[in-house]
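Engineer: Sequence:
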Amino acid sequence: MSKDYVFTCLHCQDEFVIHITDFNCKILRHGAYKHNLQPINPHMTKEECNALVASGKIYGCAGPLQITKQADNDEYNVVICNYI
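Mapped onto full-length UniProt numbering, the consecutive letters of the sequence shown carry residue numbers 1 to 84.
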């Protein structure tokens, strides 16, 4: 399946796109590196995320999110999760 999903970050309200092949463990940080547009490590610490935002090296706020699938259909949502 080749599909992109558009979500709204619940931390900063910006929209972002993620490809279904990048769902992996369904944990993510709202951020992509400016130099290659690759997603940042979904398991970065809060301190690492804050440093990336402060350095201006990423697009996004680096807030932690989890992708969830609704039980009654094939729709996906994001919810706020903790840094893990």
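Hints may contain errors.
Unchecked claim - Simulated crosslink set (BS3-like; lysine-lysine; CA at most 27 Å straight-line):
| hint | residue 1 | residue 2 |
| --- | --- | --- |
| 1 | LYS69 | LYS26 |
| 2 | LYS34 | LYS3 |
| 3 | LYS57 | LYS69 |
| 4 | LYS34 | LYS57 |
| 5 | LYS26 | LYS46 |
| 6 | LYS26 | LYS3 |
| 7 | LYS57 | LYS26 |
| 8 | LYS34 | LYS46 |
| 9 | LYS46 | LYS69 |
| 10 | LYS69 | LYS3 |
Claimed, not checked - Cβ-Cβ distance ranges computed for the label pairs, FRET-style:
| hint | residue 1 | residue 2 | range |
| --- | --- | --- | --- |
| 11 | LYS34 | ALA71 | 24 to 30 Å |
| 12 | ILE20 | ASN41 | 17 to 23 Å |
| 13 | ASP72 | TYR33 | 32 to 38 Å |
| 14 | ASP72 | PHE23 | 15 to 21 Å |
| 15 | TYR33 | GLN66 | 17 to 23 Å |
| 16 | ASP72 | HIS19 | 22 to 28 Å |
| 17 | GLU48 | LYS3 | 15 to 21 Å |
Note that these hints are calculated values from the structure, not bench results. Computed from a prediction, not measured in an experiment: that's the story for all the values here. Even for Gly, the Cβ is constructed at its ideal location relative to N, Cα and C.
Engineer: None of the hints should be skipped; say for each whether it holds.
Structural biologist: So, going through the hints one by one against the coordinates:
1. LYS69 x LYS26: Given that 27 Å is the threshold and the Cα spacing comes to 10 Å, the pair holds.
2. LYS34 x LYS3: 22 Å, holds
3. LYS57 x LYS69: 30 Å, violated
4. LYS34 x LYS57: 6 Å, holds
5. LYS26 x LYS46: 18 Å, holds
6. LYS26 x LYS3: The given pair, whose Cα atoms are some 15 Å apart, holds under the 27 Å limit.
7. LYS57 x LYS26: Answer holds: LYS57 to LYS26 is near 23 Å, not above 27 Å.
8. LYS34 x LYS46: 19 Å, holds
9. LYS46 x LYS69: Holds - the C-alpha atoms of LYS69 and LYS46 are around 25 Å apart, at most 27 Å.
10. LYS69 x LYS3: 15 Å, holds
11. LYS34 x ALA71: 24 to 30 Å: 37 Å, violated
12. ILE20 x ASN41: 17 to 23 Å: Once the Cβ atoms are compared, 19 Å apart, the range 17 to 23 Å for ASN41 and ILE20 holds.
13. ASP72 x TYR33: 32 to 38 Å: Given a distance of about 36 Å, which is inside 32 to 38 Å, the answer is holds.
14. ASP72 x PHE23: 15 to 21 Å: Holds - the Cβ-Cβ distance for ASP72 and PHE23, about 19 Å, lies within 15 to 21 Å.
15. TYR33 x GLN66: 17 to 23 Å: Once the Cβ atoms are compared, 21 Å apart, the range 17 to 23 Å for GLN66 and TYR33 holds.
16. ASP72 x HIS19: 22 to 28 Å: 24 Å, holds
17. GLU48 x LYS3: 15 to 21 Å: Roughly 29 Å apart at Cβ, these two residues miss the hinted range, so it is violated.
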